[in-house]
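Trainee: For the record, the sequence lines run as chains A and B.
Take the first sequence: its letters are residues 1 to 222, numbered as in the UniProt record's numbering.
Take the second sequence: its letters are residues 1 to 584, numbered as in the UniProt record's numbering.
Keep in mind that the hints were calculated from the coordinates and are not lab data.
Since the model is a prediction, treat every value here as computed from it, not as a measurement.
Glycine included, C-beta positions come from ideal geometry on N, C-alpha and C.
To list a few chain B residues with every Cβ distance to chain A over 10 Å, as calculated: (1) Q74; (2) L204; (3) Q232; (4) F311; (5) G376.
Lysine to any residue pairs mimicking SDA-like chemistry, simulated, CA-CA at most 25 Å apart: (6) K380/B / N342/B; (7) K306/B / T173/A; (8) K216/B / N95/A; (9) K216/B / P99/A; (10) K66/A / E86/A; (11) K309/B / H162/A.
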Amino acid sequence: MFHWIQKHPIIAALATYLILCACVSTSPEAVQQHRWWATLGPVLPHDSFPADCTLCHEGAAWNDLKSDFAFDHLRETGVALNGAHEAASCLRCHNDRGPIEVFTARGCAGCHEDVHLGQLGSNCLECHTETNWRPFGMFELHQQTRFPLLGVHAAVSCRTCHPGAEIGRFVPTPIECVDCHQGDLGNANNPNHQALGWTFDCNRCHQPTIWNAAELDPNFPN
Amino acid sequence: MSTALLFTGAAALPGATALAASAVPVQAEDRTEEVTARVTGYVQGTGIVIDRGVRDGLKVGDRVIFTERGGRQQFGTILELEGRVSTIRGEDPQFRPEPGTRASILVPKSRFETALDVRTGKVPVPDGATDATEALLPEEPKAPETDGKWTRPEDGFTMDMPLLAEVNAVHPARRASRLTGRSYLSWDRIVDSETERGDSFFRLGGGVYGENLFGKGGVLHFDGEVNARKTQVPDFADESESNFRLDRLSYTLGGTRHDWNRLQVGRFLQDGMSEFGVLDGASWGTRTGGGDSFGGSIGFLPEPDKDQKSFQDFQVAGWYRWVADEREILSVTAGYQKTWHNGSQDRDLLVLKTQYLPVEGWNVFGSAWVDLYSNGDFGKTSGPALTYMVVDARRTFENDFALNLDYRHQEYPQLLRAEFPPVGLPQIQDAHVDRLGGTLSKWTSGGAAAPLAKRLYLRAGGWADEEDTGGDAELGVDLYDLLADDARLDLAVFSSAAKFSSLIGARVRYGRFGPKRSWSVQYEIRQNDVTGFDGNADNLYQHRARGSYELFRASGLSASLSGELQFQDREEQFFLGLFLQRSF
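Turn these sequences into a full structure, and let the hints steer you where they fit.
Mentor: Below is the structure:
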């Protein structure tokens, strides 16, 4: 165990921090009753609403809102509804699955499935917009990895390197040239790369700027 | 319609209770009582719901007359009963009465002669019969013995409170059916000038949540996409492929405040522990009174790629989620998954994750994947090994500083399953990468001296793998409301020491980002130095110019158009993208 801590000091430090968080978070006075359970009525407590129900509801169907119902979420609650959230129906967030305060605290993951299986962390807005959830800034994000998108690598579809990209799976992704270019290596017959043993260090001859041709290294084959 | 006809159904019902047996069918109006009711809703697959039930003298099989606003009458028969609610099947299957539609039921007066005894809360039972209503009616609080004085405690009501504040929760099974979701269309085109290579990508897909479609309060979830791709390379035949991908098709019951048990079947992402992936099978979960939850799942794991072939990888899994209190500010989840690939034992995976989410202070998310290897796993030492680890920590300070820290650890697990592109044994044995990064930002509101609001940030990170080390940094400023409302100017300089190259660059972006539409233009230049290449072209300048326009409507319509030009020393690539989405 001690050896493992020596080998992974960062992990050990983070684990220690989490344990400390756990110790300070169980103060009994911090417990707060949520107004959510079935015995307390609607998922949205109506206590502070106006007495005239018809301001919001159709006269005879109290589960339906009026067609011209409008609610300024920011003004009334202090929480802004950005992007597509503005057009979402109330019950998408305020529902029977849990208190809204808990889901809000979890951020995006409170309501949205984590299709990345937790492998990309919890900050969804680093890559997605709130309007249509399209990913953006992938080129910039690659600069924070070992593999910035250099040359034509920025001009291929994501799934060329990430086979699971369309379902949100991005890791692990091998980054050695041959991991993606195995087929190109097999087809390189002029000269025959495999016969000559040229299966590593592709960047000695090839620039990542064009698809096919190699730029000869002046030092080659030294 | 004679009253004689109205009760034949009740009398003939085979499951009539003992109490029903005591109610003699009546053939004269003076021996009946009219019970009036209102329609409260219609539940697809179940029937019409009215606001009268057992307590009002109704029984299964009673005929119901509905009177619509125009005076037209429709008929139905009571199928199910509760204390104050009945479900009715209309004779006309197309009949969908509006909530509030009047209804009436003629019932024998004899039923009211056996009305509830207000002192005991029970129905008097004839000799030889069992107390049938006792099972049907929820227990009511008994009226206290008083001497006529008001004894109920004050409940805090004041005159400024609405009288109807405390209403009952509507069970999902009593709600109207509802469909929500989205559909989208995406088209992207990439053209390379040097090679005249062209790629086109087309996606048409959508997702739908159907709530209470079958009258049980469940949720049907569908998500799918048609995906087509075409590649044109001069002197070669065009390549094209298309496929349909089924991402989700599942039905969920429960998991609500009315029913803590949650059952889900079909193809779905595992709810209790998403780290275990998409499943073709079933999962069950529940929660305890203290807020903890636990569950398990069984089924097949589709392959994590565009085809999602299934039935090769069988899994069983279980998880437990502990929460510190009802607010769930601190939670710790542990789960275990065991898989078999084509019948051979494959993976023993232990996942631990935690969230710490106080309103103030550090917010922490952490997840660790530990594979348990045995002697049969070549390339790995027997015992536990950390495969992935993700930790994010964020804090906003009172002086408008914010600090984000993130840590990632990644190795290749030894698997029979096709979880990632094939790699060699040395990579399975040794390859790993650790990255520690952080962003420090400072927000400054506009003032008299400096009218523009701005955000300054410094992002930096370092990585280490089995061979090399490197890192990256970016320094930037975002200036808000420059030249126009909702406008923003972003300026940044950045540098990176990567695995096969190092680079330095700068980026400028200006745009307006309003709630209904946004547009932006961006230019970036960077100088790349290709590691290990000493030729003339080892220094590569890469330019990117990009423009985008997006439109949003409150109706849920979203449209996006983008174009991008990237050019290097000898060639250019041009990108064009279109995206349309409609949420409903």
